[in-house]
Amino acid sequence: MMIREQLLRSRWWHRWGEETFSAYLYLLPSLLVFGAFVFFPLIFSFYASLTRWNLPYKPSFTGLENYRYLFTDEIGSRDFFLAIRNSFYYALGVPLNMVISLLVALFLNQRLRGVGIFRTAFFLPTITSTVAISVVWMWIYHPADYGLANTILLELGLSPLRWLRDPALAMPGLIVMGIWHGMGYNIIIFLAGLQNIPHHLYEAAEIDGAGIWAQFRKVTWPLLGPTTFYIVVIGVINSLKAFAQMDVMTQGGPLGATTTITYFLYQEAFERFTMGRASAVACVLFALLLLLTVIQFKVAGSRVHYE
Amino acid sequence: MIECKKVLPVLIAGLLLLTACGGQEATLTPAAETVVGETAAAETPGSETPVSETISERTFELEFWYALAGSSGQAIEALVEQFNTSHPNIQVTATYQGSYAQVMGKVWNAIYAEQTMPHVTQLGGAPLLGETGSIVPITEFTDGPNGIDRSLIHDAFWDYNTTAGQIWSMPFNNSVPVLYYNRDLFVAAGLDPDRPPTTWDEVIEYGQKLTQDTDGNGQIDQWGYNTHSDTHWYLSAMFLGNGAQIVNEEQTEVLYNSPKGVEMLQLWDDFVNEYQIMPPVQHREARGDFMAGKSGMLLRSSSGIPSTAEEVAFDLGVGMVPAVAGRDPVAPVGGASLVIFKNDDQAVLDATWEFVKFMTSPESSLYLSTHSGYVSTYKEALEWPDMQTYLEEHPLQRVSNEALEYSHAIPIFSALGTSDGALRRAVESVELQAASPQEALDEAKIVVDKNIAEQH
Chain A
1 MMIREQLLRS
11 RWWHRWGEET
21 FSAYLYLLPS
31 LLVFGAFVFF
41 PLIFSFYASL
51 TRWNLPYKPS
61 FTGLENYRYL
71 FTDEIGSRDF
81 FLAIRNSFYY
91 ALGVPLNMVI
101 SLLVALFLNQ
111 RLRGVGIFRT
121 AFFLPTITST
131 VAISVVWMWI
141 YHPADYGLAN
151 TILLELGLSP
161 LRWLRDPALA
171 MPGLIVMGIW
181 HGMGYNIIIF
191 LAGLQNIPHH
201 LYEAAEIDGA
211 GIWAQFRKVT
221 WPLLGPTTFY
231 IVVIGVINSL
241 KAFAQMDVMT
251 QGGPLGATTT
261 ITYFLYQEAF
271 ERFTMGRASA
281 VACVLFALLL
291 LLTVIQFKVA
301 GSRVHYE
Chain B
1 MIECKKVLPV
11 LIAGLLLLTA
21 CGGQEATLTP
31 AAETVVGETA
41 AAETPGSETP
51 VSETISERTF
61 ELEFWYALAG
71 SSGQAIEALV
81 EQFNTSHPNI
91 QVTATYQGSY
101 AQVMGKVWNA
111 IYAEQTMPHV
121 TQLGGAPLLG
131 ETGSIVPITE
141 FTDGPNGIDR
151 SLIHDAFWDY
161 NTTAGQIWSM
171 PFNNSVPVLY
181 YNRDLFVAAG
191 LDPDRPPTTW
201 DEVIEYGQKL
211 TQDTDGNGQI
221 DQWGYNTHSD
231 THWYLSAMFL
241 GNGAQIVNEE
251 QTEVLYNSPK
261 GVEMLQLWDD
271 FVNEYQIMPP
281 VQHREARGDF
291 MAGKSGMLLR
301 SSSGIPSTAE
311 EVAFDLGVGM
321 VPAVAGRDPV
331 APVGGASLVI
341 FKNDDQAVLD
351 ATWEFVKFMT
361 SPESSLYLST
371 HSGYVSTYKE
381 ALEWPDMQTY
391 LEEHPLQRVS
401 NEALEYSHAI
411 PIFSALGTSD
421 GALRRAVESV
431 ELQAASPQEA
441 LDEAKIVVDK
451 NIAEQH
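Sequence lines, in order, name chains A and B. So the first sequence is numbered by the working numbering: it starts at 1 and just counts up by one. So the second sequence is numbered by the working numbering: it starts at 1 and just counts up by one.
Same shape as in the complex, but just chain B:
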């Protein structure tokens, strides 16, 4: 068993390297598949390390809080099970603690009440915990003797876990916004279902063809385009895609009322009021409308792809987040990360890291991304033979993984919650024509800057 432990990771690494060279991958695929498949359940890569020897002399019981239900939650449970089986001396108890917001609330409560913390928790907005002094910066482990090569993971995910230059948490389950579209409606509108729009101009063009009054009663009942209810995320994608900055370097003020930012909210305004391809303030119904075949395109997180594909009666398509003409698209990453809480016992921390390292290893990343709508955080994921097989069988998942080439992190700053709310309000204002895009974003900036100034 010990020999196995040492040989297999090397084998995998070797195979990955070979496949990465391209060309020969076709012949190597079957062999690599079986090896990765068998080992995914039982192995952490690079465990030929000194640290695991010191922790292997003791037994540990760790507590892990997570925040995903449904198939994603089952995938997490399965990974924990794999870890417990392969690490007899470290037993992890995983408990579902509700949504990201609920878990964050529980963690904060525990911090202020000075209760016993879990050892490791899955958190959205994780790096904000860094300022509480209750978590260990993840770089102490990633860059330590039992560390990992951080360059294997997309930069955007590290940025997503950074505040003020410090990486605090470990990227775990991540998603990007993608454009869901109804292939049947595309065909009916005379559009090519294999060619979803790639620019906002095309979204308007396609949207106008898809927006219809299907029953002829004078009311539009099939909309061309809509976004899910977290409008701040999609507006941020547009800001970044147009080269607008969200917050300044020092994170002392937000900058989205710049001309490039206003241009994007103007575009959003035009979707509703100029081209009328999107209904005003109908984002909470958007997902249901799309699933019912009442709208042609929906911008939404990639994490919903598997469940949507299962539930809809029509032929589903998934496209990249649209770009501003002449620019690359920008896919702002979302999702959650793993944080390790401080502990006086270094061995407990090392054992916890062993678990985090397992959960975020290429094998686990492959497992999670092939059992949920989340993307793999690894740059080479698309070249893994198992991933290629999976994507051939599940072509809808391909785009979100390919989109990582354009992944970006919305800067994490302490007034982010206020900012999200202010942006949603700005969107609502322009959709209802209660304010011009400039006025709406000026107002948002005043509210958010005030909140930033109050933080310290």
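The shape of chain A in the complex, shown without the other chains:
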């Protein structure tokens, strides 16, 4: 009783305790959900990565064996490094996507008639599920001459391609679809960024005699810094996490050309049922994403100007 009263009367409680306590109380529901569905699986998956866990057998502790397999085993490292390479290949779509989205955003930022229709049109693919889009694009990329893309090629007098069924073209094909799919989101973010740039800066630049290109280089691009940075970070993370299109369209093939880290993880877990190894892949992917994000922050820190 005494303690409680003392506590309640103390300056500490007055200044910190009450607020902190209620803050945690408000956070509790979200913390519980976050803990159960994010933190616990994260920690559990790290533990699982240290076990040999081949379903239907029970897990047994093996230390770093799974990591040794991924990095030094003849078969393991070959497949794993190919998957890492493929993931970064797929992530090449991010800068491409950024450039295209920025161009479209600049266009959509003009006060033109019917610009709203275009804004909607560019955003539509983004809100459509990846699986549905994949099915449609499989028809576009159909390897026979009656596929949509091949029909166009034939109309232009070119010879048809085998698209997703050609090891050299499968990944570029997925990248193109990924850009089309992800563009809408980037455009919206860029548009918001563009509209945040005060108009008087352009007026001042114009008075100083800056042309359109100089205005873009000296005003738009630097002030879009935080937006661009956000888009790159999110884009890299999303592209390294991409899975559904590989699952629906290529199943990681042909000849492993589209087996990205996430698809490799899926194969380990649900095709070969080696859960420990799959968890190790997940942990490496986590470390990789963390590292990339830190690097991006370091590199961008000096270049991105916040207002």
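Honestly, I wouldn't trust all of these hints.
[As the list claims (entries may be wrong)] Covered, in the sense of this in silico footprint (three residues per stretch, anywhere, with C-beta under 8 Å from a C-beta of chain B), are these stretches of chain A:
hint, stretch
1, 47 to 58
2, 138 to 152
3, 260 to 273
If you are wondering where the hints come from, they were derived from the structure by calculation, not from laboratory data. All figures in this text were calculated on a predicted structure; none of them were measured in a lab. Glycine included, each C-beta is placed from N, C-alpha and C at the ideal position.
Fit chain B to the supplied structure of chain A, relying on the hints for placement.
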């Protein structure tokens, strides 16, 4: 009602026996039809057993997970409904839990998290659960006092539910690969639509006639032959059909890079690269191509026959899986089974078995196979009058049921998932000419053997 219960099964059994004698079946058909038809909804065969008396004093609520959507799923729901109506003291709640892989994932999760399990589940690859110690071997029920005569069901289905000599699960919904073909394209190519190819040599011969550049732009747009995307299944059918072994007796190494196995992958290679009757790596499009009339023949599971027949605009034909010349065809069975999870209460297990027994009885098997593309597991199915009537009305389903004479089980071993993936990769390699058939299968063997060695 109790008397009915005892009399009807005997009647049915008697009629089945009589029809099995042949000759007289024509005169018996109408009578047998009505009896089987009426009782299919309300009866389990041979329920004049002591066990059902002990469980009849209690009430049970059982949970059943299943994995089929569409018309097959509706057939399962209907069977459960029939069971619940005919067994007032055992009420089964059936819930759809997604694809085979999803159900397997949920079951494994439940096992490792030590959650409450359903009482009975429909599973693909069911016998693999045997090693987890969480299911009761089905032979404890089939061979028990309330058991069944296992010899009535094709051996291949029991093999399909066996690991290391133990039968773990109950064959339920099964299918075999069959050759779908487009009768209209056959006629157009000057082939007899009533005579689908029976050997691989004929597949090549027919395929060459069916492979065409229909619009004359220099690109082939009508292929002779293709397979659905689960290429490992069809390659396994070819292995077994050529007498190649998939895995050794001890299940310690795979053997498909043997000369007989390589011969079959070479044949597959030839379909694509020598005779050019099949497009390279176009299996994910194969079903759509076939449905659109863009390919003449498609090797695919019989489970898709009813939906395909409904959807296509052309005259559909179904033929037996082709054979190696001079050998019998081999139809490797696929599909799923029912497993019973362990329970401390023997009465619950007995009630669960009562349900499984009902779901897999000849009557239910007849119901399922006449309401979906699955085959009946019973050897005498083709002689059941109702089945005969059904097949007369649905001749496309006949071949898959007849194919059971040649049914075989691909051995179930723990690295089967890895093996399937490795075989699909081998197929892709030869189709794209990235490896010779020997190299592709050697590589597959290395990957799979390594996985087997790591299991224990």
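Checklist entry - Of the numbered hints stated previously, which ones are contradicted by the structure, given in increasing order? => result Hint check: nothing fails, all pass.
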